[in-house]
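Novice: Residues per chain, in single letters:
Number of protein chains: 2
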Amino acid sequence: MLVVITYDVSTLSGEGQSRLRKVSKICQNYGQRVQNSVFECVVDAAQFAELKIKLKTIIDHDEDSIRFYQLGNNHKNKVEHVGIKKSIDLEGPLIL
Amino acid sequence: MLVVITYDVSTLSGEGQSRLRKVSKICQNYGQRVQNSVFECVVDAAQFAELKIKLKTIIDHDEDSIRFYQLGNNHKNKVEHVGIKKSIDLEGPLIL
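The listed protein sequences correspond, in order, to chains Z and V.
All residue numbers for the first sequence refer to my numbering, where the first residue is 1 and numbers rise by one.
All residue numbers for the second sequence refer to my numbering, where the first residue is 97 and numbers rise by one.
Same shape as in the complex, but just chain Z:
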C-alpha cells in the first residue's frame, strides 16, 4: 500500500536538526521523498508498523508532528502533481 508521510520537525535547536535528519533517513529507507517534508512509501502492513515505531521513538512529541495517510494499493489515480519535481512511479521499473 502507499503511505504518505508528512512531517514538521522543529529545527530551532541543534537537537531538532538532528531529529529532522534522522526522520528523513528513516523515511528514505522505506520510500521516496517527493517534497521537502513529504515522503511516499510503498509498504506492507508489517513495514508500516515498523516505520511508525521507528519514527515515534525519534521525534520530540511536544515539538514535532508527523502524519501518515494510507492510500491503499490502488493509488495511481489518487495522487496528482502540479509544478516541479514530478513524482516517480515507486512500483514501476527503475530506469538508470
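None of these hints come from the bench; they were simulated from the model.
Heads up, a few of these hints could be off.
As the list claims (entries may be wrong) - Using 25 Å as the maximum straight-line C-alpha spacing, the simulated DSS-like pairs for lysine-lysine come out as follows:
| hint | chain 1 | residue 1 | chain 2 | residue 2 |
| --- | --- | --- | --- | --- |
| 1 | V | LYS152 | Z | LYS85 |
| 2 | V | LYS118 | Z | LYS85 |
| 3 | V | LYS118 | V | LYS152 |
| 4 | V | LYS174 | Z | LYS52 |
| 5 | V | LYS174 | Z | LYS78 |
| 6 | V | LYS172 | Z | LYS85 |
| 7 | Z | LYS78 | V | LYS152 |
| 8 | V | LYS150 | Z | LYS78 |
| 9 | Z | LYS78 | V | LYS172 |
| 10 | Z | LYS52 | V | LYS150 |
| 11 | V | LYS152 | V | LYS181 |
| 12 | Z | LYS56 | Z | LYS25 |
| 13 | V | LYS174 | Z | LYS25 |
| 14 | V | LYS174 | V | LYS148 |
| 15 | Z | LYS76 | V | LYS148 |
| 16 | V | LYS181 | Z | LYS22 |
| 17 | Z | LYS52 | Z | LYS22 |
| 18 | Z | LYS85 | Z | LYS56 |
| 19 | V | LYS121 | Z | LYS76 |
| 20 | V | LYS148 | V | LYS118 |
| 21 | V | LYS150 | Z | LYS85 |
| 22 | V | LYS118 | Z | LYS54 |
| 23 | Z | LYS54 | V | LYS148 |
| 24 | Z | LYS25 | V | LYS181 |
| 25 | V | LYS121 | V | LYS150 |
| 26 | V | LYS121 | Z | LYS78 |
| 27 | V | LYS148 | Z | LYS78 |
| 28 | Z | LYS56 | V | LYS172 |
| 29 | Z | LYS56 | V | LYS181 |
| 30 | Z | LYS76 | V | LYS181 |
| 31 | V | LYS174 | Z | LYS56 |
| 32 | V | LYS174 | Z | LYS54 |
| 33 | V | LYS172 | Z | LYS76 |
Unchecked claim - Which bits of chain V does chain Z cover? Going by a derived footprint, with three or more residues having C-beta under 8 Å, they are:
| hint | stretch |
| --- | --- |
| 34 | 108-119 |
| 35 | 130-144 |
| 36 | 148-158 |
| 37 | 172-180 |
Stated by the list, open to error - Residues of chain Z placed beyond 12 Å of chain V at every Cβ, according to the derived structure:
| hint | residue |
| --- | --- |
| 38 | ASN36 |
| 39 | ASP44 |
| 40 | GLU50 |
Yeah, the Cβ is synthetic: ideal placement off N, Cα and C, and Gly gets one too.
Dock chain V against chain Z, hints included.
Specialist: Relative to chain Z, chain V alone:
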C-alpha cells in the same frame, strides 16, 4: 471526500513569498492546515476541481510543487497523527 494538499513553494524571492501566502489563503478557504505545508480539505468533486484550477494559476510551475492526495469519503481510519498539533475532525461538530 478528503483531499490532502502538500506544497513546496520556493520562497527565495519576494514573489515566492507572495505565492506562498496566496496558496495558503486558497487552501484555508477549502480546509484545515494540519502542518506548515499540509492542508486537509473535505470537498466535493466540483470544489476539488475549482481548488486545483485556482492553485495552478498561482504557482510558478518551474519553481513550486503541489501534490494532491485523494483519500475518499471513508477516510477516518486512513489518517494517523503523532506528536503535536492533533488533527481536527473537519466533519465533526465545531466546539468553540
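Novice: So, for every hint listed, does it hold in this structure?
Specialist: Checked hints:
1. For the given pair, V/LYS152 sits about 15 Å from Z/LYS85 by alpha-carbon distance, which is consistent with the 25 Å threshold.
2. Annotation: proposed proximity of V/LYS118 to Z/LYS85 holds, straight-line Cα distance about 21 Å (limit 25 Å).
3. Restraint check for V/LYS118 and V/LYS152: the C-alpha separation of about 11 Å stays at or below 25 Å, so the hint holds.
4. Restraint check for V/LYS174 and Z/LYS52: satisfied, since their Cα atoms lie roughly 14 Å apart, inside the 25 Å limit.
5. Distance hint between V/LYS174 and Z/LYS78 is fulfilled; the C-alpha atoms sit about 13 Å from each other, no more than 25 Å.
6. Annotation: proposed proximity of V/LYS172 to Z/LYS85 is violated, straight-line Cα distance about 29 Å (limit 25 Å).
7. Between the alpha carbons of Z/LYS78 and V/LYS152 the distance comes to roughly 18 Å, so the proposed pair stays at or under 25 Å and holds.
8. A threshold of 25 Å between alpha carbons decides the hint, and for V/LYS150 with Z/LYS78 the separation of about 19 Å falls inside it, so the pair holds.
9. The straight-line distance between the Cα atoms of Z/LYS78 and V/LYS172 is roughly 17 Å, inside the 25 Å bound, and the hint therefore holds.
10. A distance of roughly 35 Å separates the Cα atoms of Z/LYS52 and V/LYS150; the hinted pair therefore is violated under the 25 Å criterion.
11. The straight-line distance between the Cα atoms of V/LYS152 and V/LYS181 is roughly 28 Å, outside the 25 Å bound, and the hint therefore fails.
12. In summary, the hint linking Z/LYS56 to Z/LYS25 is supported, as the alpha carbons are separated by about 14 Å, within the 25 Å threshold.
13. A distance of roughly 24 Å separates the Cα atoms of V/LYS174 and Z/LYS25; the hinted pair therefore holds under the 25 Å criterion.
14. Our distance criterion of 25 Å between C-alpha atoms is met by V/LYS174 and V/LYS148, whose separation comes to about 22 Å.
15. For the hint linking Z/LYS76 to V/LYS148, the alpha-carbon distance of about 18 Å falls within 25 Å, and the restraint holds.
16. Between V/LYS181 and Z/LYS22, the direct Cα distance comes to roughly 21 Å. Compliance with the 25 Å bound is thereby established for this hinted pair.
17. A C-alpha spacing of about 13 Å is found between Z/LYS52 and Z/LYS22, which places the hinted pair at or below 25 Å, so the restraint holds.
18. Straight-line distance between C-alpha atoms of Z/LYS85 and Z/LYS56 comes to about 28 Å, which puts the hinted pair past the 25 Å bound.
19. Note on V/LYS121 and Z/LYS76: the hinted pairing is violated, with a Cα-Cα distance of about 28 Å set against a maximum of 25 Å.
20. For a cut-off of 25 Å, the pair hint linking V/LYS148 to V/LYS118 stands: about 13 Å separates their Cα positions.
21. A C-alpha spacing of about 20 Å is found between V/LYS150 and Z/LYS85, which places the hinted pair at or below 25 Å, so the restraint holds.
22. With a C-alpha separation of about 36 Å, the suggested pair V/LYS118 and Z/LYS54 falls outside the 25 Å cut-off, and the hint is violated.
23. As the CA atoms of Z/LYS54 and V/LYS148 are separated by approximately 35 Å, the hinted pair breaks the 25 Å bound.
24. Distance restraint check for Z/LYS25 and V/LYS181: the Cα-Cα separation of roughly 23 Å lies within the 25 Å cut-off, and the hinted pair is therefore satisfied.
25. Proximity of V/LYS121 to V/LYS150 is assessed by CA-CA distance (about 11 Å); at most 25 Å being required, the pair is judged to hold.
26. With a CA separation close to 24 Å, the supplied pair V/LYS121 and Z/LYS78 stays within the 25 Å bound.
27. For the hint pairing V/LYS148 with Z/LYS78, the CA-to-CA distance comes to about 14 Å; that is within 25 Å, so the pair holds.
28. Pair hint Z/LYS56 plus V/LYS172 holds up; C-alpha atoms about 21 Å apart against a cutoff of 25 Å.
29. Straight-line distance between C-alpha atoms of Z/LYS56 and V/LYS181 comes to about 15 Å, which keeps the hinted pair within the 25 Å bound.
30. Using a Cα cut-off of 25 Å, the hinted pair Z/LYS76 and V/LYS181 is violated, with the two alpha carbons roughly 29 Å apart.
31. Simply put, V/LYS174 and Z/LYS56 have alpha-carbon atoms about 18 Å apart, close enough for the 25 Å limit, and the pair holds.
32. The hinted pair formed by V/LYS174 and Z/LYS54 meets the criterion: a straight-line CA distance of about 19 Å does not exceed 25 Å.
33. Proposed proximity of V/LYS172 and Z/LYS76 is supported: the alpha carbons are some 21 Å apart, at most 25 Å.
34. Under the rule that three or more residues need a Cβ within less than 8 Å of chain Z, the assignment of the stretch 108-119 of chain V is violated, with 0 such residues.
35. Proximity of the stretch 130-144 of chain V to chain Z, defined as three or more residues with a beta carbon under 8 Å from a beta carbon of that chain, is established by the 5 residues found.
36. Note: the stretch 148-158 of chain V has 7 residues with beta-carbon separation from chain Z under 8 Å; the three-residue rule is met and the coverage holds.
37. Requiring three or more residues with a Cβ within less than 8 Å of a Cβ of chain Z, the coverage given for the stretch 172-180 of chain V holds, as 8 such residues are present.
38. With a cut of 12 Å on Cβ distances, Z/ASN36 falls inside the contact zone with chain V, its closest approach being about 5 Å.
39. A cut-off of 12 Å between C-beta atoms confirms that Z/ASP44 is not in contact with chain V; the least separation is 16 Å.
40. For Z/GLU50, the non-interface assignment is confirmed: its Cβ lies about 14 Å from the closest Cβ of chain V, beyond the 12 Å cut-off.
Taken one by one, the earlier hints fail for this structure at numbers 6, 10, 11, 18, 19, 22, 23, 30, 34, 38, listed in ascending order.
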